[in-house]
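Once you have looked at the hints, place chain B on chain A.
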Amino acid sequence: MAFEDQRTTVYKIDPEHPESESLPTLRTEELLLNMGPQHPSTHGVLKVILELEGERLVKSTPVMGFLHRGVEKLAEDGTYHQFIPHTDRLDYVCAMYNNFAYCRAVEKLLNLQVPDRAEYLRTIVAEVQRIIGHQFWLGAQALDIGAMTVFFYTFRDREILLDWFNELCGARLTTSWYRIGGVERDLTPALIDKLKQFLEYFPAKIDEYQVFLERNRIWIGRTKGVAVISAEDAVSFGLSGPVLRGSGVDYDLRKYEPYSAYPKCEFSVPVGKNGDTYDRYWIRVMELYESVKIIRQCLEQMQDGPIMADAPSVTLPPKERVFTNLEAMIQQFKLFSQGFDAPPGEIYCGTEAHKGELGFYIVSTGGGKPYRLKIRAPSFVHMGAFDHMARGYMISDACTIFGTYDIVMGECDR
Amino acid sequence: MHPLLDRIQQAFSSGIIGLTEWQGDVAVTVSRDKLHEVAQFLRDDPWMDFDYIVHVSSVDWPDDEERFEVVWEFYSIRKRHRIRLKARVPESDCVVDSLTDLWKGADFMEREVYDMMGIRFRNHPDLRRILMPDDYTEGYPLRKDFPLRGKGWRDTFEFLDEIPR
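Chains A and B, in that order, are what the protein sequence lines are. The numbering of the first sequence is the numbering used here, which starts it at 88 and goes up by one. The numbering of the second sequence is the numbering used here, which starts it at 109 and goes up by one.
Keep in mind the hints are simulated off the structure, nothing from the lab. Hints should not be assumed to be uniformly reliable.
Unchecked claim - Straight-line alpha carbon distances no greater than 30 Å define the calculated DSS-like cross-link-like pairs of lysine-lysine that follow:
#1 A/Lys160 x B/Lys259
#2 B/Lys187 x A/Lys342
#3 B/Lys187 x A/Lys195
#4 A/Lys360 x A/Lys342
Chain B on its own, in the form it takes in the complex:
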């Protein structure tokens, strides 16, 4: 196993759901309540030393019991390695701990996830929509049940029937 994953497994007896390595990408899935603790470990542990936040993203799996997956990606400038941290949240309770206190850059990235997928971040300083308008009420565009053609005003248009030939 990858040395990073080994070390994480040793440090945490519970809360680690999955450790994967594919195409050179190392990923850790943690349970939601352990997320902040693991993230803190990733940043502060001298072997990990993940000081750089790459992106925050989210994936929608509508058929799963815990529907949403929040993904953080970190890099270590000094150690030059990468890791991906993932946590699952159910649709009924779409809340996950914010990591803005550990990485300042997480602020805008988490706002984007909230805007696009509707996942709320606990203790986020300023959780508002970022790309969509503030008063947008038609849902969260990147969810799989949001139609590609969009929703809202245009659905109220009356279309003329095709002219019979």
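Just chain A, with the same shape it has in the complex:
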């Protein structure tokens, strides 16, 4: 069987350079390439149609929705409390942050004050989740780029924290620990000890991660100057979190719309300069140090007190009372079957998750169910800038860009 020669020879004569007359030039055309939906670096099920010129990306069209489960539609059918476990399944790598963002939004709708101790607990666990998220990201991104060792080191330390979560709420990933008006249960002294031990152990390990990468020529070559986005474009695209801060825009909701116990803690927000993948990496590593600082301060400042707001019509009664007290059981049943009566109105509440701004827009017409609930997912918004950031880079850089967004498709497709 004869193959048609793809390299059809075309003779071009350039009048200014007659010496090229004898050289055949190769026929060129744009090539369409499907990347995904099962490519390992897409972090889930994502397809991108790449238009290539040689190995350069000319245009890329993300095709999303493989993981679309209609979470926003499901929210309209359940009570406010019933939606908390659904939020776990958005960004399944960092469930605590989704719980946190959702509970904050509902509390804003209800104008509910959360007690001090609960705020500290929330901040501690959110920052532990941030560490887990960044460890996961660092391991996965390095693996995508070709540095495999870092993956084992970050996942070794991530296990410690996942076990800690397991002890805290009985689940490693789908945690559902936050409640509207507070948290589900308090930290036990044993858990606090374990966390303190981890804080002693961890900063040296962050240095260790950096040793693998900062002097790694391949890592530097594949991150420095790759997927550069200017500050102006990053803002216009609505990017958030480390991706926006990497371009030098100082935007962190923890600082500028302070919530929970963040205003009582001292921490700095690392901001990059060049807007490339390396700066975004640097920011996330620096945030690990900052998270350790925040947790330390919270553990020091935290006082004893209630962990649930004093609003019996809204908050769930404690579990031990549900099992022993009739009124508490009726209350629990009513809250789950009918929900509480939310005031009519609409609110938007954004929370700084480790990926970026995770926001909930809730429209209520009164009654126990949200009328409309919209999730502003950072992964989805970041995918909007993919084409812009990938243009002109190589195919292999597409993997770097997926990684640098820290994309999780559960959240992107909802």
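Same frame as chain A, now just chain B:
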């Protein structure tokens, strides 16, 4: 009244339907034909300076004459304030101006609104479905008349009657 709302009211003599402030959230409802003009003002006016797009969303009110409400949310990185912009569209003429020329991020967000609610955006560069499949013909899932259990193929299944005891 909130200073932002004051300034908007002064700048526009017509087209502003409602100004609200609730739980610290500031919202402006504009008529559909003034939408782009107001959005441009929000971005370019030095007092407003809304350079950051937060989300685009939509709400379905089936009983209202103008059934759909499109919601944009903006933030100003320099001034650190937020605003919500809303416009109503009737079901018979479900079209609203796209704001992709002002905020690049509006591209994907508006595509999502089109996909989920069926509202079309005028001058949008690439208005296609984004989360649902391209060939999905069973309607727009977030509309209130779309059943939660879904529509389509599964409705043609024949269910066996319950076995009598």
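Status of each hint after checking the structure:
no.: 1; hint: A/Lys160 x B/Lys259; result: holds, 13 Å
no.: 2; hint: B/Lys187 x A/Lys342; result: holds, 14 Å
no.: 3; hint: B/Lys187 x A/Lys195; result: holds, 22 Å
no.: 4; hint: A/Lys360 x A/Lys342; result: holds, 19 Å
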